[in-house]
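Participant: Take the sequences, apply the hints, and build the full model.
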Amino acid sequence: EGEAPASADPLHGASVAENVRALVLKLLEVRPDRRYADAAEALQDLAAQELPPGSVIAGRYEVLEELGRGGMGQVFRVRDRELDEVIALKTLRRRPGLSEQARSRFLREIKLTRKITHPNVVRVFDLGAWRDLSFITMEYIPGKTLSQWVRDGEGKSANLRQKVEILRAVAAGLAEAHKLGIIHRDLKPQNVILTPNGIPKLLDFGIAYTEAEGNEELTQEGHFVGSPKYVSPEQIQGLPLDARSDIYCLGLLAYFLLTGHDAFTGDKPSVILIKQLKEPPLPPSRLVRLPPSLESLVLKCLNKNPGDRPSDLAEVSRTLKEIV
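All letters in the sequence shown, in the order written, are residues 1 to 324 by the working numbering.
These aren't lab readings, by the way, just hints derived from the structure by calculation.
None of the values given here were measured: they were computed from a predicted structure.
We treat Cβ as the ideally placed atom computed from N, Cα and C, and that holds for glycine.
Among the hints, a few may not be true.
Claimed, not checked - The calculated label-pair distances, taken between Cβ atoms and stated as ranges, are:
id, residue 1, residue 2, range
1, L28, K115, 42 to 52 Å
2, E322, E62, 46 to 56 Å
3, K115, K300, 27 to 37 Å
4, E165, A39, 47 to 57 Å
5, G153, K321, 20 to 30 Å
Facilitator: Set out below in structure tokens:
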């Protein structure tokens, strides 16, 4: 009598690292959809746990620090021993149910992405395998994500011209990818890095086919894997995608950048997805003062019907240029 109820966390009080705790709790999950899909997926996570600073991946990449982690793996700052350069290395977890055809398409897109050489796109260097992990090496960019920048004091104090210039840069990077037939599929504030000099750089082209980050950030309905707050209606429905899907997501990103609020919110992913499919956003001018032409552009990008959006990013860029 009077005893505290047992903790729902079986590791309560144990002195274990957070990454180990997360792995054990996922193994013990009551809900099957939240557990590892199979032993191979658990082994990949175990392999990733064994990468403290000083570890060497594939005999070449020395781990300096972990930069972040998500549902598909981890991102590390590493030193390429052969080239004596500091780069980023991202581990890739195989998504359960990913067909060989989809995997082959993903690999082709990574190879295409290596061809993008644009100042507003993070360079992808190579794709490799080591132990039970696949990995991508890419340019290391110190800085803040656009999400962090908007939510801290720096983003709040930025003027309209600065924000429009960021949108122009993101549109320019996207346009370069579209020329190669690459659709981003996962354009969101977390995938835009602002360098210390304020230059925006896009991350993760094509990786949305296999990536699954976070809890609220991820939903999986049929063919759809993505972020509910940053996904086009046609992507939710599993329809064929083209550049206009990225234009819709650019509209969502612009809404967030200009107002500090997401265009669509809800208490669970399914609610947000329904809004993406059926509801118009609140006009951004209800939240902040904007030039009518800029608000019109954002709302045009956010049309549910792809045919009602700007036809391409050149149209978006022209309008943004006229505004500044």
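Participant: All hints, please: hold or fail.
Facilitator: Comparing the hints with the structure gives:
no., hint, in the structure
1, L28 x K115: 42 to 52 Å, "holds, 44 Å"
2, E322 x E62: 46 to 56 Å, "holds, 48 Å"
3, K115 x K300: 27 to 37 Å, "holds, 30 Å"
4, E165 x A39: 47 to 57 Å, "holds, 49 Å"
5, G153 x K321: 20 to 30 Å, "holds, 28 Å"
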